[in-house]
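Q: Spelled out, the chains give:
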Amino acid sequence: MSKLSFFLGCIAPNRYPGIEISTKKVMEKLDVELEDLEGASCCPAPGVFKSFDKTTWLSMASRNITLSEEMGDDLLTICNGCFGSLVDANLMLKKDAALKEDVNKILFEIGHEFKGTQDVRHIIEYLYQEVGVEKIKKAVTTPIDLKVAVHYGCHLVKPTRERHLGSAENPTFFDELVEATGATSVDYEDKMACCGAGGGARTAVLDTTLHMVSNKLDHVIAAGVDCIVDACPFCHLQLDVGQTEIKKKFGKEYGVPVLHYSQLLGLAMGFTPEELGIDLNFVDNSKFIERIRGGAK
Amino acid sequence: MSDTIKTFKTSDLSPEFREEIFEEPGAEKITLCFNCTGCSSGCPMAEQEPEFNIRKFLRMANLGMKDELLNSPYLWYCTTCYKCQERCPQGVKNVDTLLKIRTIAVHNGIMLPAHKKVGQLVFNFGHAVPINDDTKEKRKALGLDEVPPTVHSFPDALDEVKKILHIAGFDEIVAEEEEKK
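For the record, the sequence lines run as chains A and B.
Plus 103 on top of the position in the first sequence (first one is 1) and you've got this note's numbering.
Plus 41 on top of the position in the second sequence (first one is 1) and you've got this note's numbering.
Bear in mind the hints are in silico, worked out from the structure with no lab data behind them.
Keep in mind that the hints are not guaranteed to be accurate.
Taking CB as the label site, the calculated pair distances span [said to hold, decoys possible]:
{"#": "1", "chain 1": "B", "residue 1": "Asp108", "chain 2": "A", "residue 2": "Glu377", "range": "50 to 58 Å"}
{"#": "2", "chain 1": "B", "residue 1": "Asn112", "chain 2": "A", "residue 2": "Leu309", "range": "17 to 25 Å"}
{"#": "3", "chain 1": "B", "residue 1": "Pro66", "chain 2": "A", "residue 2": "Lys350", "range": "42 to 50 Å"}
{"#": "4", "chain 1": "A", "residue 1": "Gly397", "chain 2": "B", "residue 2": "Glu217", "range": "51 to 59 Å"}
{"#": "5", "chain 1": "A", "residue 1": "Ala200", "chain 2": "B", "residue 2": "Asp108", "range": "31 to 39 Å"}
{"#": "6", "chain 1": "B", "residue 1": "Asn165", "chain 2": "A", "residue 2": "Asp248", "range": "41 to 49 Å"}
{"#": "7", "chain 1": "A", "residue 1": "Ser105", "chain 2": "B", "residue 2": "Glu60", "range": "45 to 53 Å"}
{"#": "8", "chain 1": "B", "residue 1": "Lys157", "chain 2": "A", "residue 2": "Lys127", "range": "19 to 27 Å"}
{"#": "9", "chain 1": "B", "residue 1": "Pro154", "chain 2": "A", "residue 2": "Leu194", "range": "42 to 50 Å"}
{"#": "10", "chain 1": "B", "residue 1": "Gly79", "chain 2": "A", "residue 2": "Lys355", "range": "26 to 34 Å"}
{"#": "11", "chain 1": "A", "residue 1": "Thr245", "chain 2": "B", "residue 2": "Cys77", "range": "46 to 54 Å"}
{"#": "12", "chain 1": "B", "residue 1": "Glu92", "chain 2": "A", "residue 2": "Glu377", "range": "29 to 37 Å"}
{"#": "13", "chain 1": "B", "residue 1": "Glu60", "chain 2": "A", "residue 2": "Glu136", "range": "47 to 55 Å"}
{"#": "14", "chain 1": "A", "residue 1": "Gly358", "chain 2": "B", "residue 2": "Pro66", "range": "28 to 36 Å"}
Over the 12 Å line for every Cβ pair with chain B, so calculated as not near, a few chain A residues [unchecked claim]:
{"#": "15", "residue": "Asp177"}
{"#": "16", "residue": "Lys218"}
{"#": "17", "residue": "Glu233"}
{"#": "18", "residue": "Glu279"}
{"#": "19", "residue": "Arg305"}
{"#": "20", "residue": "Val359"}
{"#": "21", "residue": "Gly398"}
We put the CB at the ideal spot given by N, CA and C, even for glycine.
All chains, full assembly: derive it from the sequences and hints.
A: What follows is the structure, encoded as structure tokens:
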């Protein structure tokens, strides 16, 4: 059994705990042991904190990584933003001895040391590269007959310089994982488009970013899908809470269910929508849940 | 968009600003830009807000147009999707360079109040998005601990975060004006 330390980040535990519990449930079924990374903080958010001050960003990120090093485990994220921050910080510090020394001077003050012994993993690339599509297919007990709009999000695949996940414009690994559940990944216009939330933009210019996600939702609706499946709680929030904000501000209603991959896989493993927190979105998912119960399988 | 052509004197430009940007590894690659517009034409934010023009911003950076750039409200529109950086035929580090320009703005006291608030949340709680009552209920319903096993459950861990943020001077950066010495 493989073991990973489970880094929660902010939005999953503090807004969408369904993603947290679903990850625990599906990883257990796949023989991957997760141990909570106790005392971890915000990653911190890459676009915002890298924008403010690089030393701050690096010292907070490296503290989180050292917690994982102290447990002797690689660190698992379920969020593209956390992945972007932590994987970049980890690689920078492993490569740059002078930078590592600077950061360790700060970490010394709180009794930690960055050693560079562990890797940072994202649940999607981990499932694809370490668990594998075939093993996931075998773990599926109730194949899900849904048409899915896959949303990769940006920081899972970009910048490609250190990701090694192939094309950033036409990747397929996430679609393969989605189809392993029995679902169909439906192509849609401008599929790789950003949700608009990152870089502090959602905080700075909410309405403009809502127009961005509105474009995305238009394309998803045009493709006739049953739900969106994402890999990041921040995209998840922009796609889900964003729909309620668009309704309020611009009077347009979408009602598209948004699931994190861990939730889709959980359904295919036989967990109920309630056990996975699919009923806890800000958009009302009750019709979708009825359909799942009625056997979208 | 204005039709008037603005002129600048070279004495208005800041070579020091350009040098400061180049402290970011790879940022000097903005000198390789030949204005193909591959970056700005594919930008999802420019589709919504044409005033956000990454190509123009990096050209301004290369010229050392410090004041115009640091005070532009559009500096804060980039979502860091990295599409432009991936596409650049010259290997310009568009996003990394823009983040460095933002950092210079912040260290010059230019920061959006909403961003400052996010910074304060991280300093006070260790989370940019801290727990709330609504989510506590949701966590209980799912059989999770009401509060996650993060800094939220470990006060010593939060103290560690506060200490490193203080050493890095971040508490000063996000402090309200009246709190600053």
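Q: Holds or violated: is the Cβ of Val359 (chain A) farther than 12 Å from all Cβ atoms of chain B?
A: Consistent with the label, Val359 (chain A) stays out of reach of chain B, its closest Cβ about 19 Å off (over 12 Å).
Q: Does 46 to 54 Å hold as the CB distance between Thr245 (chain A) and Cys77 (chain B), or does it fail?
A: 50 Å Cβ-Cβ, so the 46 to 54 Å window holds.
Q: Does Arg305 (chain A) clear chain B by more than 12 Å, comparing its Cβ with all Cβ atoms of that chain?
A: Given a closest Cβ separation of 8 Å, the condition is violated.
Q: Can we trust that Lys218 (chain A) is non-interface, i.e. its beta-carbon lies farther than 12 Å from all of chain B?
A: The assertion about Lys218 (chain A) holds, with a minimum of 17 Å to chain B.
Q: Is the gap between the beta carbons of Asn112 (chain B) and Leu309 (chain A) within 17 to 25 Å?
A: holds, 21 Å
Q: Within 41 to 49 Å: is that where the Cβ-Cβ distance between Asn165 (chain B) and Asp248 (chain A) falls?
A: holds, 47 Å
Q: Decide, holds or violated, for the assertion that all CB atoms of chain B are farther than 12 Å from the CB of Glu279 (chain A).
A: holds, 22 Å
Q: Given the hint of 47 to 55 Å, is the C-beta distance from Glu60 (chain B) to Glu136 (chain A) inside that range or not?
A: holds, 50 Å
Q: Starting from the hint 42 to 50 Å, judge whether the C-beta atoms of Pro154 (chain B) and Leu194 (chain A) obey it.
A: For Leu194 (chain A) against Pro154 (chain B), whose Cβ atoms are near 33 Å apart, the range 42 to 50 Å is violated.
Q: Confirm or reject the claim that Lys157 (chain B) and Lys127 (chain A) have a C-beta distance inside 19 to 27 Å.
A: Because 35 Å falls outside the window, the suggested range is violated.
Q: Any Cβ of chain B at or closer than 12 Å to Gly398 (chain A), or is the non-interface label fine?
A: holds, 24 Å
Q: Against chain B, does Glu233 (chain A) keep a CB gap of more than 12 Å to every residue?
A: The claim stands: Glu233 (chain A) keeps its Cβ more than 12 Å from every Cβ of chain B (closest is about 24 Å).
Checked against the numbered hints above, the structure violates hints 8, 9, 12, 14 and 19; every other hint is satisfied.
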